[in-house]
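Each chain, letter by letter, is given below.
Number of protein chains: 2
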Amino acid sequence: MRICGIISEYNPFHLGHEEHIRKAREKTGADIIICAMSGNFTQRGEPAIFDKWIRTRCALLCGADAVIELPLLTAVQSAEGFASGGVSVIDAAGADFLCFGSETDDKELLESIAAGLSEETAGFKKLLKESLGSGDSFPKARMKAAFPDAPEAACPNAILGIEYIKAIKRSGSSLKPFAVKRVGGAYHSEDMDSPFPSATAIRKAFREGKSSGAFGAMPAGCAQTIERALSEGLRPVFPGVFDRELLYAIRRGGPGYLRALHDVSEGLENRIYKAAETANGRGELIKAVKTKRYAYTRISRVLLYALLGITKEMVAEHNARGTAFLRVLGVRGERVLSILSRVSKAPLICGSAASSGYPGTDIAASDIYALSQDSPPFRNLKRDLTEKLIVV
Amino acid sequence: MRICGIISEYNPFHLGHEEHIRKAREKTGADIIICAMSGNFTQRGEPAIFDKWIRTRCALLCGADAVIELPLLTAVQSAEGFASGGVSVIDAAGADFLCFGSETDDKELLESIAAGLSEETAGFKKLLKESLGSGDSFPKARMKAAFPDAPEAACPNAILGIEYIKAIKRSGSSLKPFAVKRVGGAYHSEDMDSPFPSATAIRKAFREGKSSGAFGAMPAGCAQTIERALSEGLRPVFPGVFDRELLYAIRRGGPGYLRALHDVSEGLENRIYKAAETANGRGELIKAVKTKRYAYTRISRVLLYALLGITKEMVAEHNARGTAFLRVLGVRGERVLSILSRVSKAPLICGSAASSGYPGTDIAASDIYALSQDSPPFRNLKRDLTEKLIVV
Numbered sequence: 001m002r003i004c005g006i007i008s009e010y011n012p013f014h015l016g017h018e019e020h021i022r023k024a025r026e027k028t029g030a031d032i033i034i035c036a037m038s039g040n041f042t043q044r045g046e047p048a049i050f051d052k053w054i055r056t057r058c059a060l061l062c063g064a065d066a067v068i069e070l071p072l073l074t075a076v077q078s079a080e081g082f083a084s085g086g087v088s089v090i091d092a093a094g095a096d097f098l099c100f101g102s103e104t105d106d107k108e109l110l111e112s113i114a115a116g117l118s119e120e121t122a123g124f125k126k127l128l129k130e131s132l133g134s135g136d137s138f139p140k141a142r143m144k145a146a147f148p149d150a151p152e153a154a155c156p157n158a159i160l161g162i163e164y165i166k167a168i169k170r171s172g173s174s175l176k177p178f179a180v181k182r183v184g185g186a187y188h189s190e191d192m193d194s195p196f197p198s199a200t201a202i203r204k205a206f207r208e209g210k211s212s213g214a215f216g217a218m219p220a221g222c223a224q225t226i227e228r229a230l231s232e233g234l235r236p237v238f239p240g241v242f243d244r245e246l247l248y249a250i251r252r253g254g255p256g257y258l259r260a261l262h263d264v265s266e267g268l269e270n271r272i273y274k275a276a277e278t279a280n281g282r283g284e285l286i287k288a289v290k291t292k293r294y295a296y297t298r299i300s301r302v303l304l305y306a307l308l309g310i311t312k313e314m315v316a317e318h319n320a321r322g323t324a325f326l327r328v329l330g331v332r333g334e335r336v337l338s339i340l341s342r343v344s345k346a347p348l349i350c351g352s353a354a355s356s357g358y359p360g361t362d363i364a365a366s367d368i369y370a371l372s373q374d375s376p377p378f379r380n381l382k383r384d385l386t387e388k389l390i391v392v
Numbered sequence: 001m002r003i004c005g006i007i008s009e010y011n012p013f014h015l016g017h018e019e020h021i022r023k024a025r026e027k028t029g030a031d032i033i034i035c036a037m038s039g040n041f042t043q044r045g046e047p048a049i050f051d052k053w054i055r056t057r058c059a060l061l062c063g064a065d066a067v068i069e070l071p072l073l074t075a076v077q078s079a080e081g082f083a084s085g086g087v088s089v090i091d092a093a094g095a096d097f098l099c100f101g102s103e104t105d106d107k108e109l110l111e112s113i114a115a116g117l118s119e120e121t122a123g124f125k126k127l128l129k130e131s132l133g134s135g136d137s138f139p140k141a142r143m144k145a146a147f148p149d150a151p152e153a154a155c156p157n158a159i160l161g162i163e164y165i166k167a168i169k170r171s172g173s174s175l176k177p178f179a180v181k182r183v184g185g186a187y188h189s190e191d192m193d194s195p196f197p198s199a200t201a202i203r204k205a206f207r208e209g210k211s212s213g214a215f216g217a218m219p220a221g222c223a224q225t226i227e228r229a230l231s232e233g234l235r236p237v238f239p240g241v242f243d244r245e246l247l248y249a250i251r252r253g254g255p256g257y258l259r260a261l262h263d264v265s266e267g268l269e270n271r272i273y274k275a276a277e278t279a280n281g282r283g284e285l286i287k288a289v290k291t292k293r294y295a296y297t298r299i300s301r302v303l304l305y306a307l308l309g310i311t312k313e314m315v316a317e318h319n320a321r322g323t324a325f326l327r328v329l330g331v332r333g334e335r336v337l338s339i340l341s342r343v344s345k346a347p348l349i350c351g352s353a354a355s356s357g358y359p360g361t362d363i364a365a366s367d368i369y370a371l372s373q374d375s376p377p378f379r380n381l382k383r384d385l386t387e388k389l390i391v392v
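Top to bottom, those sequences are chains G and L.
Its first residue numbered 1, the first sequence is counted upward by one per residue in the numbering used here.
Its first residue numbered 1, the second sequence is counted upward by one per residue in the numbering used here.
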């Protein structure tokens, strides 16, 4: 029995994701594909366009054999923490391979960069300092320092891939990393005419009311699932939907509250608090706070921490704890569940059965997410405790 | 120089308030009437219909000589804390009299009840227990036990008056309490046909878009002030305007957050948290949580504590501190300010001059209140630090 893990967001699931799963299965010869997927909030610091139960169903209908939720505090960390938590989940699930999409599938290149980044040699440190001095952002400077001749390795998915490789090494896991070359639109591309439009492009199409275009970029089972949910009252969720709650949280908490948040240091709390005096929401806040030093995504994530109350202390504790259980959101066929329960190294929590394993932070995040919805069941609370395991 | 103090909310200011100030001046022979007024949130646990600067201007145009703000943590406590904090402010301002409206102006009756309540004799305790046993609410049982033959003393304003008398006694203040018989609509009356419609009736008229009726119940200077502000983009504020922020605060914080709030004990946090699973806002929450034991206004206040993050600890500290300064919102003529500065026992803070004296909680409350507004200056932040002293 060969098991291949994929760390994902599926925000939303599209043709490129289906293709990635197909290739992962083919190239690793896996019998089972396990996807560790973000819940209702994503690594870019945004709410997912559809909730985790709908995104789970889409993935299961289009190639995944099991979907396991990434804990909230893993899902919303920057690349290193995200990768490290994701690898821990895939490893705990008992997988043999970790397969990721990447702008390059040159494994040796990726591994040598990962080694370079892990080691932080004197040469690396010198180049990093020079590059930062010339005005590069930290992630860019780091890539240039580690491998100045491989610009393709500085692309978003490859960076994440390198983080996966580093995390596997660091944790002593026996997972075999495996890069699959990405097809179609680049990660941030908004192009809908590509044969594989990106998730960014699809979210934009939904935001502009062009849902038929969006459905065309998804496998049929996924499009049908979302179409049905929309007809039942589901609302696609866009980043600005919690603007008032965010402003309220900042106004109520003040700089002291912001200072305690994860990844806030060196006066960033004051920049944000000051910007909140005139900014009308998340978008304006990011624009006002952003500098070369504070990248868009970092601010976006910090604002999510402000919305959800995620502190330095919570993240440090979470990272120290490791993967204590696996939260199975859904499986393709009940046989998969029995395989999972045999191979996994951590207890499985399925659906409504075991409320005790869900952290309060994750439950609260789902409850806050539900503020974006008008109709049951989407606006229901405590869905983490009541939704059943999805079996397709 | 005789100075008379009035503890008020003016939410909004109306003909009955003007009449009360007129009588207070006449009966006490006061040269100066100082009103200690709630800021943007009131004792019923609701946002004020108009902000404190507009309500200050109204009061000054219609009889008050000075308006001093009640600190937030005084303004939103139950009768005893509200009265005690209010008396402390009026006393610190150097007033000779404290004049309050009451359903009865029988001073001896009020004072003997106050004495009875303060003493809590064995007879009082026995009657209180019996009355509670027969199913009466606590405030009602307390009044019945203290003075079973005086139903008029159990009316809302008289209860508050008795609390003022108790607070004066307790604090050893030399303030002379003075009851003025209320005219017109009862405190909670929604009747707009009375010659003196209540603030409740006026707020209802605004809510129903019948603003001309509302203006008719106000002195001309007050109606003109509000009319002009509305034409400049001011929005009247109604209790449900922060429903989403409230639900968000409860969902984010959970029972642990609620348990730490002022006046929450014995599992009330769980009742509220449970009710928040289905309730769509403040109104539905109060309805679901209310019992004979937990009165409407108490729940309403606790929900305000949840919105503003007001904990037991904060209130205890505030009450222990006493009145360290007086925040003067406005005066009628600059002469009043110089008189105030001569007679007051605490330093005056006027307008934007002294930011250091404003507690962060009060500033945050004003900033949260501003979420209800769309147009500057009403939606501006840090108005506590930037608005100038109002002089009419």
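Please keep in mind that the hints were generated in silico from the structure rather than gathered at the bench.
What you are looking at is a predicted structure, and each value in this text was computed from that prediction instead of being measured.
Using N, Cα and C, we set each Cβ at its ideal position, and we do this for glycine too.
Heads up, a few of these hints could be off.
As the list claims (entries may be wrong) - With the Cβ distance kept under 8 Å, some of the chain L side facing chain G (calculated, not the full set): (1) R244; (2) L247; (3) Y248; (4) K274; (5) E277; (6) A279; (7) A364; (8) L371; (9) L381; (10) L385; (11) L389.
Claimed, not checked - Derived DSSO-like pairs: lysine-lysine, alpha-carbon spacing no greater than 27 Å straight-line: (12) K274(G) <-> K140(L); (13) K382(L) <-> K274(G); (14) K274(G) <-> K292(G).
Query - Hint numbers contradicted by this structure - result: 4, 6, 10, 11 and 12
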